[in-house]
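S.K.: Since the structure of chain A is already known, use the hints to place chain W on it.
2 protein chains.
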Amino acid sequence: MKQLVVGVDIGGTNSVYGLVDREGNMYGEGVIPTKKYPDFDQYLEELYMGIQNLLKQVDFEYEFMGVGIGAPNGNYYNGTIEYAANLAWSGIVPFVDKFKRYYANVPIIITNDANAAAIGEMVYGAARGMKDFIVVTLGTGLGSGFVANGQLIYGHDSFAGELGHVVIEGGERQCGCGRKGCLETYVSATGIKRTAFKLLADHLEDSEFRNIAFNDLTAEMITKAALNGDPLAIEAYEYTGNILGKALADAVTITSPEAIILFGGLAKAGKYIFEPTKRSMENNILRNFQNKIKILPSGIDGKNAAVLGASALVWQQLEK
Amino acid sequence: MKQLVVGVDIGGTNSVYGLVDREGNMYGEGVIPTKKYPDFDQYLEELYMGIQNLLKQVDFEYEFMGVGIGAPNGNYYNGTIEYAANLAWSGIVPFVDKFKRYYANVPIIITNDANAAAIGEMVYGAARGMKDFIVVTLGTGLGSGFVANGQLIYGHDSFAGELGHVVIEGGERQCGCGRKGCLETYVSATGIKRTAFKLLADHLEDSEFRNIAFNDLTAEMITKAALNGDPLAIEAYEYTGNILGKALADAVTITSPEAIILFGGLAKAGKYIFEPTKRSMENNILRNFQNKIKILPSGIDGKNAAVLGASALVWQQLEK
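Residue numbers (the numbering used here), protein chains in the order written: chain A, 452 to 771; chain W, 452 to 771.
For reference, chain A alone in the conformation it holds in the complex (with noise of 0.2 Å):
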């Protein structure tokens, strides 16, 4: 009989649901204004009424399997949302202990997106077959999942993965972590936008950006300027990527992985981010492990990415 688990991909403004088979075929989809339910009993509640309806549904046998959930400050080890500050919820929300009462008998695994985003790429994805492996997300800001020995490594406290805020070299710019200079300031989304700000203030020619306010510019004009040929753009993407190189040849000293999965808006820029990035991986990292990493277009990327890695969680646990 076919089995079935459930992805859930919780974001600020949206949640996207979905069934999904061991090879990552979709049976279905649904969508919950997230924002809409401050109250998180009526959220879960209304998630569970879409799920019941998609299974509803489904025009063959099935198993079900379980519930697996991507949600920002997601905590694997005690199930929870944890002051997540793009969710209406506030504090620590026992997502898994709640959601229980719907589903008693199959596991409901939670995790940050990130994470789930690595553990897709493994069951699905550009991973499958590897044991160490890092997934670098990259959207509003830099997340990242790294794993070792085929397990993802959550640290003592679930916080693992913060790749996001390695401080790099000669780095200036504030970070919303109150911090200055960390990675993602300048590789995600709103970095490259600064970046870009940057070069219009540094350089004199001229560019479609100079009539572009700041909040009216987004990653995505600029990823589109870049495969247009636009110097600037293209420059931005170059000054990004050398420094995510720089970062990822520290990172591979620690966990020495065969390969790097770049994931999210700015990876599709194709060559002009995934070619600065690994140029200038080779040229900052430790002799043993030149030309040795692979740095690899995510393979699950796409409209259901999210939704994807999230139901991985619960095949990577029932094969643990």
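One thing to keep in mind: the hints can contain errors.
As the list claims (entries may be wrong) - DSBU-like cross-link-like pairs, simulated, lysine-lysine; straight-line CA separation at most 35 Å: (1) Lys771(W) / Lys743(A); (2) Lys729(W) / Lys631(W); (3) Lys582(W) / Lys729(A); (4) Lys743(W) / Lys486(A); (5) Lys644(A) / Lys697(W); (6) Lys631(W) / Lys743(A); (7) Lys771(A) / Lys743(W); (8) Lys631(A) / Lys754(A); (9) Lys582(A) / Lys743(W); (10) Lys697(A) / Lys729(W); (11) Lys771(W) / Lys582(A); (12) Lys631(A) / Lys722(W); (13) Lys697(W) / Lys719(A); (14) Lys551(A) / Lys582(W); (15) Lys582(A) / Lys549(W); (16) Lys754(A) / Lys719(A); (17) Lys743(W) / Lys644(A); (18) Lys697(A) / Lys722(W).
What the hints assert, rightly or not - Derived contacts from chain W toward chain A, CB cut-off under 8 Å, selection only: (19) Ala611; (20) Glu613; (21) Val618; (22) Cys628; (23) Ala702.
As the list claims (entries may be wrong) - If the Cβ cut is set under 8 Å, some of the chain A residues that face chain W in the computed set are: (24) Asp583; (25) Ala599; (26) Asn600; (27) Gly606; (28) Ala611; (29) Gly612; (30) Leu614; (31) Val617; (32) Glu620; (33) Asp701; (34) Thr706; (35) Ser707; (36) Pro708; (37) Leu737; (38) Lys743.
None of these hints come from the bench; they were simulated from the model. Just so you know, even glycine gets a beta-carbon here, dropped at the ideal spot from N, CA and C.
M.R.: Using the frame of chain A, we list chain W on its own:
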């Protein structure tokens, strides 16, 4: 019946080996002058005879469980020693394969010194009961062993844990690896010597070190001077701890350890190294991790630490 393993610590000058039980008690120890055996087969023959000699002297019934080896550039996956600069055996030495001719029916496990120290701390020392921790060995260079999910991180090629070669902010010192600014050019026995000479260059005040040539100065002398209250030696430790603390603040974001254990020579300076390291780590760390991560002295450091660490490889393997 009591179970015994052999631990072997291979150094450039000497190899020390000993019989160890599960609790870390030693039952005899022997030494081979590594340097005198440029022929690896002769070295192994000598090591085998030494071990057999120790076993003969055991005056109780025992079961022989295996051999654990800590060696520079020991490769855990391949059972080899690879291109070790300080050993006379060149290229790739198939240590485990060759030693199996003598001990066919028990596990023979090799890894590098820092990894052996980490497993030693986990089995007998300060990390007993921990699943996520880092051991930093402060010898001639800086080695490290990262443990996550109760397993040592070897990485895809057994070269993980090279924390000594992360590049520090503003680091300009030449490193033996061919690059500049590696952590171990500051934080190690050699590093603190370089720091003492930098301070002699920067400052005017008198110091006992003004009469000592670079090649005559040792880290032990700096430690002794610090413990005697010498301001320059204390400042050298302050400088060293400050840099180590920053590097640990970054490393912690990746694996989120419960504790960091400082092992080896420089750790003997006690508060002179622990206090600035802790202060600097806390001042530079991401808020999530503040006041959560212990910095501890080794629980096995002493005369037999390296042999204990090597022997622990076998116990850990048997318990997997």
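S.K.: Taking the numbered hints from earlier one at a time, note which ones the structure violates and give those numbers from smallest to largest.
M.R.: Of the numbered hints given earlier, the structure breaks none, since each of them holds.
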